[in-house]
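Novice: Listed here are the chains, written in short residue letters.
Protein chains: 2
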Amino acid sequence: MNIPSKHLEELVEHFSTLPGIGKKTALRLVLNLLKRDEEEILSFSKALAEMHEKISSCSRCGNIAEDDLCSICVIPSRKQDLICVVEDIRDIMAIEGTEQFFGLYHVLGGVISPMEGIGPHDLNIESLVQRVQAGTVTEVVLALNASMEGDTTNFYLYRKLADFELKITTLSRGVAVGTELHYTDELTLGRSILNRLPFDMTLSKR
Amino acid sequence: MNIPSKHLEELVEHFSTLPGIGKKTALRLVLNLLKRDEEEILSFSKALAEMHEKISSCSRCGNIAEDDLCSICVIPSRKQDLICVVEDIRDIMAIEGTEQFFGLYHVLGGVISPMEGIGPHDLNIESLVQRVQAGTVTEVVLALNASMEGDTTNFYLYRKLADFELKITTLSRGVAVGTELHYTDELTLGRSILNRLPFDMTLSKR
Numbered sequence: 004m005n006i007p008s009k010h011l012e013e014l015v016e017h018f019s020t021l022p023g024i025g026k027k028t029a030l031r032l033v034l035n036l037l038k039r040d041e042e043e044i045l046s047f048s049k050a051l052a053e054m055h056e057k058i059s060s061c062s063r064c065g066n067i068a069e070d071d072l073c074s075i076c077v078i079p080s081r082k083q084d085l086i087c088v089v090e091d092i093r094d095i096m097a098i099e100g101t102e103q104f105f106g107l108y109h110v111l112g113g114v115i116s117p118m119e120g121i122g123p124h125d126l127n128i129e130s131l132v133q134r135v136q137a138g139t140v141t142e143v144v145l146a147l148n149a150s151m152e153g154d155t156t157n158f159y160l161y162r163k164l165a166d167f168e169l170k171i172t173t174l175s176r177g178v179a180v181g182t183e184l185h186y187t188d189e190l191t192l193g194r195s196i197l198n199r200l201p202f203d204m205t206l207s208k209r
Numbered sequence: 004m005n006i007p008s009k010h011l012e013e014l015v016e017h018f019s020t021l022p023g024i025g026k027k028t029a030l031r032l033v034l035n036l037l038k039r040d041e042e043e044i045l046s047f048s049k050a051l052a053e054m055h056e057k058i059s060s061c062s063r064c065g066n067i068a069e070d071d072l073c074s075i076c077v078i079p080s081r082k083q084d085l086i087c088v089v090e091d092i093r094d095i096m097a098i099e100g101t102e103q104f105f106g107l108y109h110v111l112g113g114v115i116s117p118m119e120g121i122g123p124h125d126l127n128i129e130s131l132v133q134r135v136q137a138g139t140v141t142e143v144v145l146a147l148n149a150s151m152e153g154d155t156t157n158f159y160l161y162r163k164l165a166d167f168e169l170k171i172t173t174l175s176r177g178v179a180v181g182t183e184l185h186y187t188d189e190l191t192l193g194r195s196i197l198n199r200l201p202f203d204m205t206l207s208k209r
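Order-wise, the sequence lines are chains A and B.
If you use the numbering used here, the first sequence corresponds to residues 4 to 209, in order.
If you use the numbering used here, the second sequence corresponds to residues 4 to 209, in order.
It is possible that part of the hints are untrue.
No copy labels: a pair is met if it fits in one copy or bridges any two.
[Unchecked claim] Heads up, simulated SDA-like pairs for lysine to any residue below, C-alpha to C-alpha not over 25 Å straight-line: (1) Lys57 - Phe202; (2) Lys9 - Glu41; (3) Lys9 - Arg31; (4) Lys9 - Arg39; (5) Lys57 - Ser116; (6) Lys27 - Phe104; (7) Lys82 - Asn148; (8) Lys27 - Ser48; (9) Lys82 - Ser60; (10) Lys9 - Ile171; (11) Lys26 - Ser59; (12) Lys38 - Met96; (13) Lys57 - Ser46; (14) Lys26 - Leu45; (15) Lys170 - Ser8; (16) Lys170 - Ala137; (17) Lys26 - Thr155; (18) Lys9 - Ala52.
Please keep in mind that the hints were generated in silico from the structure rather than gathered at the bench.
All chains should be modelled from the sequences, with the hints used to inform the complete structure.
Specialist: In structure tokens, the structure reads:
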């Protein structure tokens with residue numbers, strides 16, 4: 004691609020480092036930005052420049068925070084003995100959206116993936132063990148994605164935490180709410196039969 | 004979506020104003036940026052802030068330029084009497100990539116689209132007429148997209164330019180090189196039969 008301006012090329016280069024954005028898409032984005040007011044662009048640029056200064060990680064759970072602790076860790080009514088382990092902060096937002104979890108979180112920052120060269124030491128696992136060692140935790144929910152890497156990480160975490168006196172749970176796998184049974188993949192349907200639950204009137208009314 | 008930081012939300016907001024990028028994708032992009040070095044982010048932010056200062060339009064054709072004229076308009080060996088009218092600068096890059104056009108360009112900056120509220124006066128049509136009025140142009144190639152809006156704009160331009168003594172041409176429509184005939188849509192195939200050309204040995208050897 005022969006871009007007729009060095010500066011334009013530099014900007015396209017920056018945008019194309021983003022995940023899922025190739026050179027052509029990046030060019031489309033930059034050309035769209037070129038049509039905007041200078042004021043808007045400067046505000047965008049400023050927000051970007053201040054990102055590292057204004058957004059930090061919660062020193063306890065690794066969630067996005069603007070202070071030392073995140074907006075969830077500072078709530079005293081949260082169950083302090085229940086920790087939900089997630090891959091990244093988008094999972095926190097998804098679980099918070101359900102309004103069904105009232106404990107704290109722990110963000111691993113990824114999952115173990117030999118293919119991508121991510122080992123246990125690249126993740127926030129040591130800090131999870133320390134939180135558990137502090138002795139107040141009674142249950143750890145492993146809420147990682149149902150992938151090969153997620154399962155590997157679950158297994159690693161299980162081994163790390165097995166010696167402590169606590170309950171280790173994972174999210175239930177099964178048929179999604181609202182889907183047609185015959186469209187569900189065999190693995191999920193199989194698991195949902197193996198893990199069948201006693202019928203609960205209150206759940207079907209929700 | 005309940006984003007746990009005001010500043011993060013502001014950045015996501017900025018990214019989600021880009022075409023084709025929704026809130027969820029924007030969040031993914033920003034979380035990816037958060038993992039980068041501060042230096043890289045500052046360079047990105049700087050490139051964005053300097054965009055309007057460093058990138059301008061060619062005063063003659065409307066292409067991206069770093070000076071008064073663009074990198075194509077300053078080449079004296081370009082055919083000065085041949086103007087190719089395109090919708091935006093990506094089309095210039097595509098045509099330049101073919102190495103088959105040696106004239107100058109004129110960027111309309113869009114096409115007439117009543118649906119999106121874009122009329123002839125929002126486009127660089129007056130400056131095209133002025134270039135033609137200057138009297139040195141002998142051919143105008145209308146190279147707009149083969150869409151309803153492109154055809155409308157072609158027709159408008161044709162009416163504007165019909166009184167001048169010059170040739171008005173458009174890109175040929177037909178079966179794409181390398182495609183299977185039976186996969187080509189009926190409209191394109193029909194046009195390619197209507198506009199059939201004398202067989203040319205040199206073309207089939209390319």
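Novice: Now tell me, hint by hint, if it's right for this structure.
Specialist: Status of the hints after comparison with the structure:
1. Lys57 - Phe202: neither (48 Å within a copy, 67 Å between copies)
2. Lys9 - Glu41: Intra 19 Å, inter 23 Å, cutoff 25 Å: intra and inter.
3. Lys9 - Arg31: Classified as within; 16 Å inside a copy, 28 Å across copies.
4. Lys9 - Arg39: Both, since 20 Å and 23 Å are each at most 25 Å.
5. Lys57 - Ser116: So Lys57 and Ser116 fail the 25 Å test inside a copy (30 Å) and across (42 Å) alike.
6. Lys27 - Phe104: between (42 Å within a copy, 22 Å between copies)
7. Lys82 - Asn148: within (23 Å within a copy, 60 Å between copies)
8. Lys27 - Ser48: Classified as both: same-chain Cα gap 21 Å, cross-chain 20 Å, threshold 25 Å.
9. Lys82 - Ser60: within (21 Å within a copy, 59 Å between copies)
10. Lys9 - Ile171: Neither way: Lys9 and Ile171 sit 55 Å apart in one copy and 34 Å across, limit 25 Å.
11. Lys26 - Ser59: between (30 Å within a copy, 21 Å between copies)
12. Lys38 - Met96: between (33 Å within a copy, 18 Å between copies)
13. Lys57 - Ser46: both (15 Å within a copy, 17 Å between copies)
14. Lys26 - Leu45: So Lys26 and Leu45 pass the 25 Å test inside a copy (23 Å) and across (21 Å) alike.
15. Lys170 - Ser8: neither (60 Å within a copy, 31 Å between copies)
16. Lys170 - Ala137: Intra 15 Å, inter 83 Å, cutoff 25 Å: intra-copy only.
17. Lys26 - Thr155: neither (34 Å within a copy, 30 Å between copies)
18. Lys9 - Ala52: both (22 Å within a copy, 15 Å between copies)
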